[in-house]
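**Student:** Two chains, two separate frames, one set of hints: put the complex together.
Chains as they are written, first to last, in the working numbering: chain A, 1 to 231; chain B, 1001 to 1459.
Treat the hints as calculated values from the structure; they're not laboratory data.
Be aware that one or more of the hints could be misleading.
Said to hold, decoys possible - Calculated pairs, DSSO-like style, for lysine-lysine (alpha carbon to alpha carbon, straight line, at most 30 Å):
1. B/K1435 x A/K135
2. A/K73 x B/K1239
3. A/K74 x A/K26
As the list claims (entries may be wrong) - Stretch-level coverage of chain B by chain A, calculated; a stretch enters the list once three of its residues show a Cβ under 8 Å from a Cβ in chain A:
4. 1039-1047
5. 1230-1237
What the hints assert, rightly or not - Not the full set, but computed from the structure, chain B residues with beta-carbon under 7 Å of chain A:
6. E1209
7. A1210
8. I1226
9. V1446
10. Y1449
11. L1452
Glycine included, each C-beta is placed from N, C-alpha and C at the ideal position.
Read off the chains here:
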Amino acid sequence: MIRIEQLTKQYGETIALNVPEMDIPKGQIFGLVGNNGAGKTTLFSLLLDLIQATEGTVTIDDIPVHSSEDWKKKTAAFLDDSFLIGYLTPEEYFYFIGELRGVSKEEVDELLTGYTDFFNDEILNKNKYIRDLSKGNQKKVGVVATFIGEPELLILDEPFANLDPTTQIRLKELLSEKAKDANKTVLISSHDIQHVTEVCERITVLEKGEIVKDLKTTSKTLKELETFFTK
Amino acid sequence: MLYFIGIFTFLGVGSFYVIDEDMGVDPLIFINKYMVYGTSFWVVWRYFIQKMPVLNVKALLSLPVKENTIVHYALGRTIFSFFNISNAFFFVPFSIVLVNNGYPIAQVLSWHLAIIAIVFCTNYINILINDRNDVFYAVASVLILFAGLQYYDVFDITQHMGPVFDSFYNNPIYTLIPWLILILLYRSTFTHFTHRMYLDSGLQEVKKEAQNIQLGWLNRFGRTAIFVKNDIKLILRNKRSKMTIWVSIGFLFYGLLFFTDSSGGLYNAPVWKIFAGIFVTGGFLFTFGQYVPSWDSSYYPLMMSQNIVYREYLNAKWAMITIATLVSTALGSFYIIFGWDVYAAILTGAIYNIGVNGHLVLLSGAFIKSPIDLTSTTKPFGDKQAFNAKTLLLSLPKLFLPMILYFIGSLFGGEWVGYMTVAFTGLLGFFLKNKVFNWIETLYKVEKYKTLEAYKQNS
Chain A
1 MIRIEQLTKQ YGETIALNVP EMDIPKGQIF GLVGNNGAGK TTLFSLLLDL
51 IQATEGTVTI DDIPVHSSED WKKKTAAFLD DSFLIGYLTP EEYFYFIGEL
101 RGVSKEEVDE LLTGYTDFFN DEILNKNKYI RDLSKGNQKK VGVVATFIGE
151 PELLILDEPF ANLDPTTQIR LKELLSEKAK DANKTVLISS HDIQHVTEVC
201 ERITVLEKGE IVKDLKTTSK TLKELETFFT K
Chain B
1001 MLYFIGIFTF LGVGSFYVID EDMGVDPLIF INKYMVYGTS FWVVWRYFIQ
1051 KMPVLNVKAL LSLPVKENTI VHYALGRTIF SFFNISNAFF FVPFSIVLVN
1101 NGYPIAQVLS WHLAIIAIVF CTNYINILIN DRNDVFYAVA SVLILFAGLQ
1151 YYDVFDITQH MGPVFDSFYN NPIYTLIPWL ILILLYRSTF THFTHRMYLD
1201 SGLQEVKKEA QNIQLGWLNR FGRTAIFVKN DIKLILRNKR SKMTIWVSIG
1251 FLFYGLLFFT DSSGGLYNAP VWKIFAGIFV TGGFLFTFGQ YVPSWDSSYY
1301 PLMMSQNIVY REYLNAKWAM ITIATLVSTA LGSFYIIFGW DVYAAILTGA
1351 IYNIGVNGHL VLLSGAFIKS PIDLTSTTKP FGDKQAFNAK TLLLSLPKLF
1401 LPMILYFIGS LFGGEWVGYM TVAFTGLLGF FLKNKVFNWI ETLYKVEKYK
1451 TLEAYKQNS
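Chain B on its own, in the form it takes in the complex (with noise of 0.2 Å):
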């Protein structure tokens, strides 16, 4: 948490200089140029993570208190949630270098109090669409949508709605609208939640129909198809997990970045190439892999009980890795287009991906104690434990192992030497994998009361 304080608040600091001096535009344009993104980003972003505070209201219920009290209580106390208290961090020093600067104070303040406005309108639009799927994807796909059209010089929402915030700060008066607007939400919000408070309709978790998953057909691979078939329905099933296929997808585009020239050329060192084919291919593996054996947390009792050796259950997850990384690498072979090389760069990526960083985030997996709760969504960013040395520690050679073995390789005999250290690495590791897991599996059983308290804690 003060990890994500400490980034926001300097980012509010260091933003203004860097595209003020660095890209030569007026920053509050430039914020204002994007902040419909921001906004709409925001939105999902608090959609997929944020936790109702509608549940906890049930002990109230049957206490004396008036029934509007309890919705302003359970509204109003979403006000100090993060997500809110968060931008502060990165509006409050922004604004206090606009005015540091030289901007008028008073339209400075304007400005910031539609930006406080709109942050509170995304906390009450997440409360009235939340668990409404519909509404969400609507939302996602425009945004998306707008992304593609600006990304092709289609059309460029920034440019009609970049003038709308700056309004904002042009003449106080605009500001009123957000504000408006907020009031309207929190009135909507409010009646929704007044007519919904008994346990059997606004307070009942929504119970879905079960979906039914055909797998049968992966059953010819054995034991390790037993997991497999969990983890497919786990990652479905849960809003937590389906997340990790939406970053993967992400990811499988991040490349973009580096191949085209949207980053301003930053990128153009041919290592670069290693580290974007690391990234388009390991989506999956660094979001869903990362996270192993957590995933598991909220049953890891009965996977330690039941007939199962810590082996399969590793080789399952491997698989979930590999096939995961097989399946990003045939998604991203459009990267082809930008040239052989950056192909090649992909394919080392996979490889390496497959043959080292497979192994390193199971065995980093052995450290990670923090449980994750599937059914509901309360940590926003990851448990700090999540980010203990340790596992920082291994998450380091996953991206800078793989660019140095280029760096060195390239040294002997250029771009194509370099590409083969890396995948030849990666070979290796893949090689290696039963001496490797070996000691993965030893790891684990070291690890596993440790493991199973930590978990039970959180439950």
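Isolated chain A, as found in the complex (with noise of 0.2 Å):
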């Protein structure tokens, strides 16, 4: 699905990011981890071409990023709060990316239904903007967004942080569901090991702009990764 090549990202004389190569497959749950700085946002900004690599190329689906625009139909992503409309309400920013996904009105209300648990009754027929909303629940609607239009490849920065437990653990078993189709390739970044390794079949962890460990996740990988973390 993603492949990376030669990729380096430099601001003035410090490196940022350095991947020689990598391959996510299609239908993997990727998780990364690392802590701030380690280029995270900058590695997943540069799958969305929002940064220029300052070397090498990251191809969706044989589609460079760089050069051609038609790698957007097949991708959502939600990084920040920059993904959001503030001054829409959470169902108009629904519509609003289902009408650019081509998903109708009906079809986006049907779709949302199936989120009435994760909303908690919180984000719907509210009558509030989102700029009004709090962090997580700001959280909430950016995520679901990135569902609508069944997007081969969901990028989701820091998906876990702000939300409730509540909400944490049902994003958990919405990811994993997410993760039953083999159709669809997710990236996720967390600072949290343990939900990483809890839905992600793959874990990479970035340290200083370059890829540390790459592994598969077994019941050992949260220990192996724990230990890392308190060198």
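**Tutor:** As structure tokens, this is what we get:
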């Protein structure tokens, strides 16, 4: 699904990211962990062509993200609140995303009924603008919006942050459910190694812009990650 | 910012001589006459633009500082706001020029002190009425009403208010009045806030109920409609963008200045008619179009990663500008009372705006790197980045190119050939839209990363 070759991002002298090679096959639930400044968001931004790589290429389904816009049809992302439109209500925002992805209002409504539990009655029919929602509720809106139109590739930056415990658990269930679909590739980053090990089948550790670990998740993974981060 | 300081200082020094020599009236009396409008306009302007100081005090609340001190601090700090200081750049040089020209220093000083008090009064009035739309609209409508009454010679408020300002000059005792009002205003602002120094009352940002806007009827216009619907909501739901509508309406009437005698015949040359035509129909183009894509700056990463191709996005913005220009043209049909040639100038302006200027604003948009924060209004006169050399260069042809075209055309066969030349250029631009858009699209793509980065820095 995603192929990275000789990818580097430099800001002046500092190397923010350096990934010589990486493949993320279709259907994988991929987790990215690392401390602040390790390059997680940089990597995601490069995948979405939001920043320009110093060198190297990213392709999504063999489409180079830098030179074509065709990958946008199959990709949905939620990195931060700059993916939300503050002056819309959550419903309007969902319909807007729906329209962009060719999903009708009725279909969006139907999809949203599936997330009633996840929303916990705090999102829909509240007559509030997204900018007036709490951080956690904004995150719920942003994450669910990426599900609209069944994109093949989901990229979520820190989806668990700011969520209350109940919602974190529900989100884990949701993501695990997505994992069953062999056509869906999901990339998440997190500071919470426990969540990641529970959800992801593969976990990559970034440190100072480099991939220092690339693990297939087993029962030992959590322990291994804990040891790594306590050093 | 420096630019405005320069302009104010220049005006402060220059206005005395202009009013004195060119208009032959006493500059002080003239300024006093229009002070009532000046003050009201200043209140309205500040309402739209100035950011409230109170939201910054949250950090102090939990520290061992007395509540009264915090309020005094927050209110006191507004004294140094650009909106107060900038006035000094006009009034100080103006007063100095007055003294230099033989006005008694004591009286000028007394007048000057009164003006200072009034400027600070607008400061605290603005703080008090902030987020009180009802009060604000009342003030604004009264202002427009009086302006209208004066224009049609029904009632001239300046006749009655001018002497009030004169009295500050004539008798220093009266200068105490604005200062007393200022003290009262400060007191009431102070009590207003000391009662609300809690996170859940005065310091809470007002959350408004979402307004329901039904725009389903636009759906027939396909994918363009998706963005147009969003832009309409953007304009109606944010203070900063709502201003574009008011300014557009202002532009619509700007032509009156050219076509009536109120300008003293300064603009009688026919080439100015084209200039007016561009302005009358282009209000929205200049106020909204000029800032594309900055309106979407707070969620630009979303727009860049969603299933959107640049072409659609640009087309939608172009559609917004075109629709607004057509609406302005329709509303501007009242200019027909000034004669067919005036109306022809307006139609020509509209065609040129749609055909050429519409492209030009989008083109300059590729280089606009200053984000617009929709929720707050921090920057008093727009960002200086919005005035960078590239955009400045691109804004010149919007106004002067049609004038030059008209001039060239009119050499060959008078007024009507002049109009035809401008209109024809507009039509040409319209038919070349696809070609031009290809180019604009490439520019946006090249500038994409810089734009994203610039937008990120402020959010």
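**Student:** For each hint, tell me whether it holds in the structure or not.
**Tutor:** Right, here's what the structure says about each hint:
Using a Cα cut-off of 30 Å, the hinted pair B/K1435 and A/K135 is violated, with the two alpha carbons roughly 44 Å apart. The suggested pairing of A/K73 with B/K1239 is violated, with an alpha-carbon distance near 34 Å, which exceeds 30 Å. Between the alpha carbons of A/K74 and A/K26 the distance comes to roughly 12 Å, so the proposed pair stays at or under 30 Å and holds. With 0 residues having a beta carbon nearer than 8 Å to a beta carbon of chain A, the stretch 1039-1047 of chain B misses the requirement of three or more and the stated coverage is violated.
Check result for the stretch 1230-1237 of chain B against chain A: holds, 4 residues qualifying (beta carbon to beta carbon below 8 Å, three or more required). Proximity of B/E1209 to chain A holds as hinted, the smallest CB-CB distance being about 5 Å (cut-off 7 Å). For B/A1210, the interface hint holds, since its Cβ comes within 7 Å of a Cβ in chain A; the closest pair sits about 5 Å apart. Checking B/I1226 against chain A: minimum C-beta separation of about 4 Å stays under 7 Å; hint holds.
The beta carbon of B/V1446 is not positioned within 7 Å of any beta carbon in chain A (closest approach about 10 Å), and the interface hint is therefore violated. Hint status for B/Y1449 relative to chain A: holds, with the closest Cβ pair at about 4 Å, below 7 Å. Hint on B/L1452 holds. Least Cβ distance to chain A is approximately 6 Å, under the 7 Å limit.
In terms of the numbered hints stated before, the structure departs from hints 1, 2, 4 and 9, listed from lowest to highest.
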